[in-house]
Amino acid sequence: MDSQLIQFLITGITTGSIYAFIAIGFVTVYNVTGILNFAQGEFVAIGALTCISLVKMGLPLPVAILLAVAITALVAIIMERTTIAPARHSSLFMLISITIGVSVLLKGISLLIWGTNPLTLDSFSNIQPIQIFGAVLISQNIWIIFTLGLILGLLYLFFEKTVLGSALKACVINRKAAQLMGINTEKMSALAFAMSGAIGALAGILLAPISSATYDMGLLLTLKGFVALVLGGMHSVSGAVVGGLLLGIIEAFSSGYISTTYSEAFSFIILLLVLFLSPNGLLVKVSGKRV
Amino acid sequence: MGANRILHGNRWRIMLILLALVIIVSIIFGSSYTLNLFILIGIYSIIAIGLSLLMGYAGQVSLGHAAFFGIGAYTSGILTTTYEYSPWPAMLIGMVITAIIAYIVGIPTLKLKEFFLALATMGFNIIVFILLMGMNKHTGGSAGLTGIPKLTIFGMPLGNIGIYYFIWGIVLLLTLFSLNIVHSHIGRVLRAIHDSEIAASTQGVDVAQYKLHIFVLSAVFASLAGSLYAHYFNFIAPYTFYVTVSIHLLIMVIVGGVSIIWGAILGAFVITMLGQLVTTTLPLFFDVGGQVEIVIFGLLLVLVMIFMPKGLAPYLIQLSKKKQKRVVPSSKSGEVN
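So the protein sequences, as listed, match chains A and B. 0 is the number of the first residue of the first sequence in numbering that gives the first Met the number 0; add one for each residue after it. 0 is the number of the first residue of the second sequence in numbering that gives the first Met the number 0; add one for each residue after it.
30 Å max Cα-Cα, derived DSSO-like pairs, lysine-lysine:
1. B:K321 - B:K309
2. A:K186 - B:K309
3. A:K175 - B:K110
4. B:K112 - A:K175
A few chain B residues facing chain A, derived, Cβ under 7 Å:
5. A117
6. I129
7. G288
8. V294
9. F296
10. L298
11. V301
12. M304
Note that these hints are calculated values from the structure, not bench results. Predicted, not measured: the structure shown is a model, and the values here were computed from it. All C-beta atoms in this analysis are idealised placements derived from N, C-alpha and C, irrespective of residue type, glycine included.
Assemble the whole structure, with the sequences as input and the hints as a guide.
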């Protein structure tokens, strides 16, 4: 088999997994609250940068990862409590503006804390790269793909086997009805933000050994996550994963075979085309508008 | 009679206050460095006025106007340097090209709603940015484009004070133009679209056409601002036209007050001045570099959205009304608006 093709596929699936994480974060908040959170990418940056700082302070990697994920989830909860919850009944225009404001603010705070220099994290393990049909698979790739699988498994268990997960799912299906059944939808909104913060942070931490982390990495990742979400159809975790992987693979092949300079433009052209053809996402079912 | 129709009612007062402010600023800051800041505020005001028409009146979010700003700047820059055009025709060609691009992009984009519209316009902005970086034969890539000539009148280059009055003259004209749009039947139609697109279309309004026209108009404003920027600074680079700039423009419009035309100018003033203040003072106390002003921008946007969702301009109006009330206690209350 063509080794180059396999190599592009490996790269595509790896970055695609990162996009999938971000898209999962997006879809969780979107389905529970009706908000597309522009600060989603900022969670990725904060997770990565916090983890790097904690490792530098001498904490063992697993502890640093857990702490960084927890801190980012806390940031997400604070965001929800202080800015989203008070404006719950405002217009969508205001909610868009608020999440944009929070994303700019978080980026600014990251700049004050971590400065402009890119920071890196060592690879999670020192295993020699593996050769597959002439293509190179480094250990971090395996970590990323493995973690995505693990998170999907955990999410499945959470949504299908726990009361809290069922309550959250009920909010997704019909918030009004869920409220009437005695589910505290406010708590569910905070929970959705916490989950999206935690998953976003994890994406950043996994990405940090491959490409360095900077305070301003969030914006582009927000947009990539959104492209993945649109490709996958806006409404489900599985769609988000499919969209993320698809986007990663498209990017890897377009930068490999067409042009590295324009590969990024290529994914946004796909975004616009998909939106134009189907304004609510590719794999979408008929859905009511939030009024 | 004619002047009365153009400068109707309250518009007289607004225009006179703005004109007085423009003259006062030029007297106080004459040849100092601060005048540069006011020139920059004028340039941003031109874009913000267009965005205010688009967002406040037609109800459409755009996070891609830095792209039109860039298209104007680069058209001017490339035509005057590589092809040795004079700045004036280059500026006009830039506006025509921008109008065509905005028209083509606007038809499908404006069908999208809220979050999707915001993100699609961001996507468009990134595509334009990548093209500016990638087509380095023409644009100079990330190193930028240098040697763009200054604006001239009858062969004489305009000095700083000349540029200042020229740019603010344009700002005043566009303010007047936009106020007239807002107070015409087009303005009423736009507000109807803003309140409910469905209701407007059942009344026989061609919603898509109106939205598209305002989108193109606001893009042309941004293009004009871009050309002025290129000829004033004589140098342009792609990062001046990145999505983050679109976000800052959005913040200007919202902080100033999205549904009041001169709120756009107020927003451009507040954000540019605050940005300048933070970037010059913060590094004195903390060891920080880069775009530290974004902390304030983000915080300001969130605070304004939560505590004064209509922005600063309506707040100022209320404040001045309260003062008037204190002076003339006999005036009737409840005459807000």
